[in-house]
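Note that our numbering has the sequence shown beginning at 2, numbered continuously upward.
Source of the hints: derived by calculation from the structure; they are not laboratory data. Even for Gly, the Cβ is constructed at its ideal location relative to N, Cα and C. Be aware that a few hints might be false.
[What the hints assert, rightly or not] Result set (BS3-like, lysine-lysine): computed pairs, CA atoms no more than 25 angstroms apart in a straight line:
1. K156 to K240
2. K104 to K66
3. K68 to K104
4. K264 to K24
5. K211 to K197
6. K211 to K146
[Said to hold, decoys possible] Now the in silico label distances, taken between C-beta atoms and shown as ranges:
7. M331 to Q71: 19 to 29 angstroms
8. K77 to I285: 45 to 55 angstroms
9. A150 to I285: 53 to 63 angstroms
10. L261 to P230: 37 to 47 angstroms
11. Q71 to P14: 43 to 53 angstroms
12. K68 to D144: 52 to 62 angstroms
13. K68 to T276: 49 to 59 angstroms
14. R92 to P160: 53 to 63 angstroms
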Amino acid sequence: MDLSVITYSVFIPLLNELHGLLKSVGLASFGWSIVFLTAIVKLILTPLTFKQIKSTKAMQVMQPKLKKLQDDFKKKEEKYKDNPAKLQDLRMGFQQEMMGFYKENNVNPLGGCLPLIVQMPILIGLFWTFSGTPFKDKAIFSDIKVVTAAEAHKKQIKPASKAEIFVDAEGNRARIALNTKGVTLIEGEEFVIETKKLMGEAEFIPTEIKWDFFGDKELNEYVDIEVLPDGRAKVIAKKAGGSAKVQAHLPAKLEGDSFLFIKDFGVTGAYNSKTGTINYEILILVALFGLSIWMSSRLNAPKLPDDPKQIEADPQLMMQKSMSTMMPVMMTGMMLFIPLPAGALIYMIVSGFIQSGQTYFAMQRYSKKFA
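Given only the sequences and the hints, what does the whole structure look like? Please build it.
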């Protein structure tokens, strides 16, 4: 899925506007833009968030009644397990009874998902934004195939490649493409690949492009690259029977913009396979994300009985206890393997801590109400 249109038209201009406003009051880093964007989003979503928390609290209060309904259904299910027709009617009746129960108590069991669903496009948009320029270099690809003279009928030049977003140091945008997305050459032939600015106002300098092969490799068995003085790349077909993926790296103009302990918003993953080093800022961000999830989980967790034996005797209570403990650990562990850029992680962390604060105050309010 290509969300570059939304990134180009919405997220980059929005972050640039926030950056310009905050820079005028001394908050020059894009990190502050992310923090303020998160705060604005959470403020707009406050009614939905409080509705979600109210629904969660109501579900906790109604849990004993729900458990009784479920236990009664299980007894009837066991009684009619050898009567398929009766069992089907029983299940349909139970579903209707549950829907009526939720309606009567004015509770939507899926209401808690709405704020998350609304925020997903924002998180995805920020992922695309911080995965490319101006925060991180972005590669455009062109496939080069080499054939023998006897296969000259296979020669072809495909049209322009997919256009990628380029943003200069001032925040101006452009769309950059290669003059071909793929070429088939006869052994010994040459072809010049060049970049083309299709739209936008960004200042784009072709000589700043880095040319190499997919995987950041400088050599290929079938194709050579010769970088020309004007920034174009001459590809030379040297051996038939193979192919190469040539890539042009659009430069990251804001690489090194720091925020607190974060050196680069485009850094992705806890381990850098190219340099063989650990990205410690990502590890710290993941730990902070885990802390925010733990806080939210603790605030939303239903109150369990004080007697451990009572908890152990009830599978549902045991599951609730296990989920409140394991969920933060599982989600934190997942973040170590999901390649989210640092900029997107900042949004998730700030959002999590604001959510915890909203949950605390809302729980105080609704606890008294439901009591």
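Hints, one by one, checked against the model:
no. : hint                             : in the structure
1   : K156 to K240                     : holds (15 angstroms)
2   : K104 to K66                      : holds (14 angstroms)
3   : K68 to K104                      : holds (17 angstroms)
4   : K264 to K24                      : holds (18 angstroms)
5   : K211 to K197                     : holds (15 angstroms)
6   : K211 to K146                     : holds (21 angstroms)
7   : M331 to Q71: 19 to 29 angstroms  : holds (25 angstroms)
8   : K77 to I285: 45 to 55 angstroms  : holds (53 angstroms)
9   : A150 to I285: 53 to 63 angstroms : holds (58 angstroms)
10  : L261 to P230: 37 to 47 angstroms : holds (41 angstroms)
11  : Q71 to P14: 43 to 53 angstroms   : holds (51 angstroms)
12  : K68 to D144: 52 to 62 angstroms  : holds (60 angstroms)
13  : K68 to T276: 49 to 59 angstroms  : holds (54 angstroms)
14  : R92 to P160: 53 to 63 angstroms  : holds (57 angstroms)
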